[in-house]
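Chemist: Chains as they are written, first to last, in our numbering: chain A, 1 to 117; chain B, 118 to 235; chain C, 236 to 393.
Please keep in mind that the hints were generated in silico from the structure rather than gathered at the bench.
Bear in mind that the values here come from a model prediction, so they are computed numbers and not experimental data.
A couple of the hints might just be wrong.
Taking CB as the label site, the calculated pair distances span [what the hints assert, rightly or not]: (1) B/208 to C/244: 47 to 55 Å; (2) B/178 to C/257: 20 to 28 Å; (3) B/178 to C/271: 40 to 48 Å; (4) C/373 to B/185: 44 to 52 Å; (5) C/279 to A/91: 52 to 60 Å; (6) C/254 to B/137: 40 to 48 Å; (7) C/318 to B/152: 14 to 22 Å; (8) B/122 to C/356: 33 to 41 Å; (9) A/8 to B/151: 36 to 44 Å.
If we take Cβ atoms under 7 Å as the criterion, some of the chain A residues that face chain C in the derived model are [as the list claims (entries may be wrong)]: (10) 23; (11) 36; (12) 57; (13) 62; (14) 84; (15) 90; (16) 91.
Every residue gets a Cβ at the ideal spot worked out from N, C-alpha and C, and that includes glycine.
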Amino acid sequence: MIEYISGLLVIIGSFFCLVASVGLIRLPDVLTRMHAATKAGSLGAGLLVTAHALLYPQLGISLRAVTIVALLLFTAPVAAHLIGRTAYRSGEALSDRTWIDELKGQNNALDDHPPSD
Amino acid sequence: MMTGETFLSVAVQAAMGMLLVGMVMVLFRLAKGPGAADRVIAMDLLSVLVVAFLVVLSIHTRKTSYMDVAIAYACIAFLGTIALVRFIHRASVQKQLRQKQKTPARPLPDHSGEKNHD
Amino acid sequence: MPLFILNIFLAAVLMVLTGSGSISVFFLGFALGYVILWVTSPLYPQTRYFKKLPKVLSLVLYFLKELLVSNLRVLWEVITPRHISRPGIIGVPLSARTDLEIFMVANLLSLTPGTLSVDLSEDRKILFVHVMFLEDAQAAKAGIKNGLEKRVLEVMQP
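With the hints as extra help, turn the sequences into a complete structure.
Modeler: This is the structure:
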């Protein structure tokens, strides 16, 4: 029984990973691509790890699974925020379907001083 | 009616196929991507896909030590993404400074007069 | 939060007693320990543990629901041949003040597909969010404020 559940989770998770890659190809601009890439990818990997944890319920291996999910969930938004902010501030073109941009003219100039490190 | 074991192995093989197709698409975006940010996103997604593939491989080969590899890979990939983003940020800051000051690009340091120390 | 540590300790006790090291036994022990602590709650007069844990759980459940629903919307956008999304960047006025609160709100927003926190204004009062399916800017702002931010603040603030 547990094999059916985790097999299903494996298929759904890898399907989400595939959707993330297709989204990376198909979506029009950087920010929308990031919607598909960082989150659908994390969700897919999370489902795969869950399937693995169902198959191997020993505590040591489950803790490894929890560690992987935690790492993915902590690092994905930080990386997404950094990439999005840098891309926006360095003037990457938004797609022409973007119909409202309240950030425009706020402070989208880069820092006056280049980072010293 | 399939037994659980067969269903799981079929599912794992299908998953490996889907992940490989996904990696090929990501590599396409990595090669083509119009801007540097697109390439960084592609690298990020590629590392997530590699972690996912390692987990599937761990189910396939029944060796749980692949999970340790996945943990280490997830850590290092995050650091790589951050470093690349810093690099882009710095490059675009310098570009904006040049546009603001209307000065030409900083000339490469001239080493022709220096002695070769080797 | 000493009661939380006590609860984890009770779960570990159950794992030692049953002699099985699986994660499901841990969760069972955690639930049983919570019930035990709740029954003996007159012993701990000034604890917020029993009010806080349901709020954390409701935040987690709300987050998982949002994650699934909006992932399905992104999936539909990706696999259908025509693009239906109308992306936009909106500025959401924040009620969160401390660093940790802003961090939690921005990160949880980034984790739900469809919203992505792009930038924070200089005075840290407005969070600029890129929304993928934006129909009505005011409604989207109100949705973020009353949905995610309210729940996060309920957990973070005493």
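Chemist: Could you work out which of the previously given hints the structure breaks and list their numbers from low to high?
Modeler: 8, 15, 16
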